Amino acid sequence: MDALAELKQTFFQECEELLGALEQKLQALDEGSVDSEDVNAAFRAIHSIKGGAGAFGCTELVAFAHVFEASLDHLRSGRVAIVDAPFSLFLRCSDAVADLVSAARNDEPARPRPDLLEALSQVGQSEAPKPVPAPAAAAPTKRPPVKSDDAPPGIAALGNLLAMVEAKTGAASAPVDAGWDDEPAPVAAPKAKPGREIRLHIHPDTDLFRRVIEPRVVIALLPPEDIVSVVCDMSHVPALEAIDVTDCWMRFTVTLRTEMSIEEIHAKFDFTLAAEEFEIEVEPMPANDDVEPEIEVAAPVSEVPQNVAADLSAILAKLGPASAPAAQPDIAPAPAVTTQLVTAAQAPAAPRPAARPPANDAVAARQRQAVSVRVDLDRIDKLMNLVGEIVITQSMLVECVRSLPYDVYAKTAEGILTLSRQTRELQDHVMAVRAQPVKAVFQRMPRLVRELAQTLGKEVRLVLEGENTEVDKTIIEELADPLTHMIRNSMDHGLETPEDRIAAGKSPEGTIKLVAEHRAGRIVISVTDDGRGIGRDKLLAKAKSRGLVGQDEKLAPEEIDQLIFAAGLSTAEVISDVSGRGVGMDVVRRNVESLGGRISVDSEPGRGCKFTLALPLTLAVLEGMVIRCGEDRYVIPISSVIETQHLTNTPIEHLTFGQEVLRWRGEVTPLYRLGAVMGSSGRPDENIIIIAETERGGNVGIAVDEIVGQQQVVVKSLEGNYGTVNGASAATILGDGLVALILDVDSMLRLAASSGRPPASALKMAG
Amino acid sequence: MTLPLGEKHFSSAQPESAVRRIVTFRVGDRTFGIDVGMVREIKGWQATTPLPHAAPHVRGVLNLRGVILAVYDLRTSIGLGVTDATATHVIVVVDVEDKTAGLLVDSVSDIVDVPVSAVRPAPDLERDEHGLIEGLVLLDTEIVALLDLGAVIRDGGAEAPAARQARVA
Numbered sequence: 001m002d003a004l005a006e007l008k009q010t011f012f013q014e015c016e017e018l019l020g021a022l023e024q025k026l027q028a029l030d031e032g033s034v035d036s037e038d039v040n041a042a043f044r045a046i047h048s049i050k051g052g053a054g055a056f057g058c059t060e061l062v063a064f065a066h067v068f069e070a071s072l073d074h075l076r077s078g079r080v081a082i083v084d085a086p087f088s089l090f091l092r093c094s095d096a097v098a099d100l101v102s103a104a105r106n107d108e109p110a111r112p113r114p115d116l117l118e119a120l121s122q123v124g125q126s127e128a129p130k131p132v133p134a135p136a137a138a139a140p141t142k143r144p145p146v147k148s149d150d151a152p153p154g155i156a157a158l159g160n161l162l163a164m165v166e167a168k169t170g171a172a173s174a175p176v177d178a179g180w181d182d183e184p185a186p187v188a189a190p191k192a193k194p195g196r197e198i199r200l201h202i203h204p205d206t207d208l209f210r211r212v213i214e215p216r217v218v219i220a221l222l223p224p225e226d227i228v229s230v231v232c233d234m235s236h237v238p239a240l241e242a243i244d245v246t247d248c249w250m251r252f253t254v255t256l257r258t259e260m261s262i263e264e265i266h267a268k269f270d271f272t273l274a275a276e277e278f279e280i281e282v283e284p285m286p287a288n289d290d291v292e293p294e295i296e297v298a299a300p301v302s303e304v305p306q307n308v309a310a311d312l313s314a315i316l317a318k319l320g321p322a323s324a325p326a327a328q329p330d331i332a333p334a335p336a337v338t339t340q341l342v343t344a345a346q347a348p349a350a351p352r353p354a355a356r357p358p359a360n361d362a363v364a365a366r367q368r369q370a371v372s373v374r375v376d377l378d379r380i381d382k383l384m385n386l387v388g389e390i391v392i393t394q395s396m397l398v399e400c401v402r403s404l405p406y407d408v409y410a411k412t413a414e415g416i417l418t419l420s421r422q423t424r425e426l427q428d429h430v431m432a433v434r435a436q437p438v439k440a441v442f443q444r445m446p447r448l449v450r451e452l453a454q455t456l457g458k459e460v461r462l463v464l465e466g467e468n469t470e471v472d473k474t475i476i477e478e479l480a481d482p483l484t485h486m487i488r489n490s491m492d493h494g495l496e497t498p499e500d501r502i503a504a505g506k507s508p509e510g511t512i513k514l515v516a517e518h519r520a521g522r523i524v525i526s527v528t529d530d531g532r533g534i535g536r537d538k539l540l541a542k543a544k545s546r547g548l549v550g551q552d553e554k555l556a557p558e559e560i561d562q563l564i565f566a567a568g569l570s571t572a573e574v575i576s577d578v579s580g581r582g583v584g585m586d587v588v589r590r591n592v593e594s595l596g597g598r599i600s601v602d603s604e605p606g607r608g609c610k611f612t613l614a615l616p617l618t619l620a621v622l623e624g625m626v627i628r629c630g631e632d633r634y635v636i637p638i639s640s641v642i643e644t645q646h647l648t649n650t651p652i653e654h655l656t657f658g659q660e661v662l663r664w665r666g667e668v669t670p671l672y673r674l675g676a677v678m679g680s681s682g683r684p685d686e687n688i689i690i691i692a693e694t695e696r697g698g699n700v701g702i703a704v705d706e707i708v709g710q711q712q713v714v715v716k717s718l719e720g721n722y723g724t725v726n727g728a729s730a731a732t733i734l735g736d737g738l739v740a741l742i743l744d745v746d747s748m749l750r751l752a753a754s755s756g757r758p759p760a761s762a763l764k765m766a767g
Numbered sequence: 768m769t770l771p772l773g774e775k776h777f778s779s780a781q782p783e784s785a786v787r788r789i790v791t792f793r794v795g796d797r798t799f800g801i802d803v804g805m806v807r808e809i810k811g812w813q814a815t816t817p818l819p820h821a822a823p824h825v826r827g828v829l830n831l832r833g834v835i836l837a838v839y840d841l842r843t844s845i846g847l848g849v850t851d852a853t854a855t856h857v858i859v860v861v862d863v864e865d866k867t868a869g870l871l872v873d874s875v876s877d878i879v880d881v882p883v884s885a886v887r888p889a890p891d892l893e894r895d896e897h898g899l900i901e902g903l904v905l906l907d908t909e910i911v912a913l914l915d916l917g918a919v920i921r922d923g924g925a926e927a928p929a930a931r932q933a934r935v936a
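Going down the list, the sequences are from chains A and B. Going by this note's numbering, the first sequence opens with residue 1, and the numbers climb by one from there. Going by this note's numbering, the second sequence opens with residue 768, and the numbers climb by one from there.
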């Protein structure tokens, strides 16, 4: 049960990736790509989703994906030209699939989409079939390969497998291919067909099922009328107790009588099997020999497996009479046939190279798969923890070594220096493992834009750049919200309606550009639109009416633009569902700043607007200043610190209620004593003042005893085993193994404001 | 896919012979116990970092192999003041309510098997420990008070009985 749940989880993860790929390919096609590989990739994605969904019994998903796949198949087969295809419909369908996947994931009832299903089934109906080579044209109409069975296809495959295992263990005496009742009956009728005899040895890798491919899908890729016989070889199936049902041990030999060329057959398996998973043997007989077929028709049915049995003789002997009753008498002539076949296989050397490119692609794709490994994030976190521990242990070692006599010290110190360099390198690498491309977030945006464009009645083109820019997964998780807000804002407030755009002499379609890049150790993401820009007059008027700006105050245009981040300001004339309750950009700014990031805006009236978001590359490590107050040490993020100075150089004044202020750069800045606010133990002397920046943009002075140093610290959660701690955002472990709190300036100020009162949070903290 | 191997084993565990394996430890002259399954490890005292304005029994946080956990002073919880921790004091690391926590005690004494039937409900007398004691076990020489760890960790300490009463109500 656990294993299945885990497998299911993996499937949903894969679904997300597949959906991303699907959408991306459809988008490319929608934007004018005519690359058939894009169509194939889209088809593959939906096919894999369908296969997996079947295995996990997500029937709604299977049903929808099935119809979707079928209509994509029309494109793939050329029945519908790529240029004529309704990609906007397909994109909406891909959204619907995403909905179905998330419904299945959350065990919610799925919303039926009869409208889309209806539209999908129309695809390919109105179009007249294009002239395609006869066998190829016949095949697609018979597809989709897995007919709408009662049972979902994946389960059917497992059922088949079980039936076969039974057959092998003697539990059932049914013929081997009993489960394959939907295969065309291996009768002699097709023999009358023109064409030559081709033998296909399919020996898939054991991970076939895990690739969400099943043998019957593979075989159904071949035109059914060409199939003479299918024989399953199960001699590789391990003993029942050792069997893993997710492994595929079956091998097949399919005898075809077909006019297809080797390349065509290769192309059939283009994306289900790797080149090394099947071999094609051509019978030496001439393809258009009139006499030969007649002899074959005369041959008794039981002789059909004779061809198949050729190089399976040894296997068949093992399988015994129950599995292949007709095979026994054919064992003797087999070797002769085999040699004949080997030469035959080498004969069609000429067409082979032509068949190579797709095969090579498949190999390359599999190799790419092989070099990437899916790792649970927990494991990486543990690795990260361990590295942190090593860093601490190593700094402890440094302390110990200092007390050694000089000659020993010199040598040991050298070793420790090397160790510390290696540790840092190790840490970098582990961080790199955690890094993910921003694609994970970016690929959700096209859907958002599409849906919003429909709601708002605007035409929008989304351009994504730098999707492969990598940042730590902690940041990835935090990116989605601000980006969604920013894009909503641009679409709602920035971009004009098509009519307005035409009136302004722009193209009716607006563009939003989402760009990610690394800059100076940060990730910088910008959202640029070519809309009307920020309405400064309106914004200023509103800010004045809300009292955020004095009535007579004069602001530079750039300063007015920044007002968009002030709380409670929204300039949309109509408050829409999309954005515009004034809880947009100010929330974004606050969230971004709490992550140690910055957000800014550049606007050009009539030309557009650009929001720029700069975030640290990780939340797992931060650059901090280690400070001491009394006996306790704290870390304050460097990003909060503006400057530090000696108390003696700074005039302090006392206000009422013990509030102290200091003059700093001509401004009156409140001063807080860290020891008092955080309840530090020992007697603080507070000689140093740190000027820090608050989220609201103001500055405060924080009095501390000493600045111990500046270093990178690993951020550790306090919530995990305790609860939120007022004044601190998290904690870290210092070189001596002791914990230090990482100060959060704003939280500290709130704590200072509430101190004197008993901390109400103390009781609920641990619960 | 797993074979029902455990079934036989399970049925042999008769209710009357069920035992609880208890780790006992001392604070002052008193003995407390918790189920051995809740104990993750036992380690010597290690300096903690105090948390601002935390409840009195929250001694602070420490680093256990890269994980930060809070240490609770059991002495404070039962109203006997603050432990003057030395190298001989012990932190019992426990898993409680999907958190890991440390319990500061004087020493760990023993592991004993106690029949479930021998566990008596806590008398509702001792005001200071109301809610902290899950049950009592009478051994030959002493009385072991079984702790309700969830309550120990939540409880604000003896100095805040009003708050505790509010919670109970």
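If you are wondering where the hints come from, they were derived from the structure by calculation, not from laboratory data. There may be inaccurate statements among the hints.
[Unchecked claim] If you want the footprint, here are the derived chain A segments under chain B, 3+ residues with CB under 8 Å:
hint, stretch
1, 200 to 214
2, 589 to 600
3, 653 to 663
4, 726 to 736
5, 739 to 746
It should be emphasised that the depicted structure is a prediction, and the values quoted were computed from it without experimental measurement. Each residue gets a CB set at the ideal place from its N, CA and C atoms; glycine is no exception.
Evaluation of the provided hints:
no. : hint       : verdict
1   : 200 to 214 : violated (count 0)
2   : 589 to 600 : violated (count 0)
3   : 653 to 663 : violated (count 0)
4   : 726 to 736 : holds (count 5)
5   : 739 to 746 : holds (count 3)
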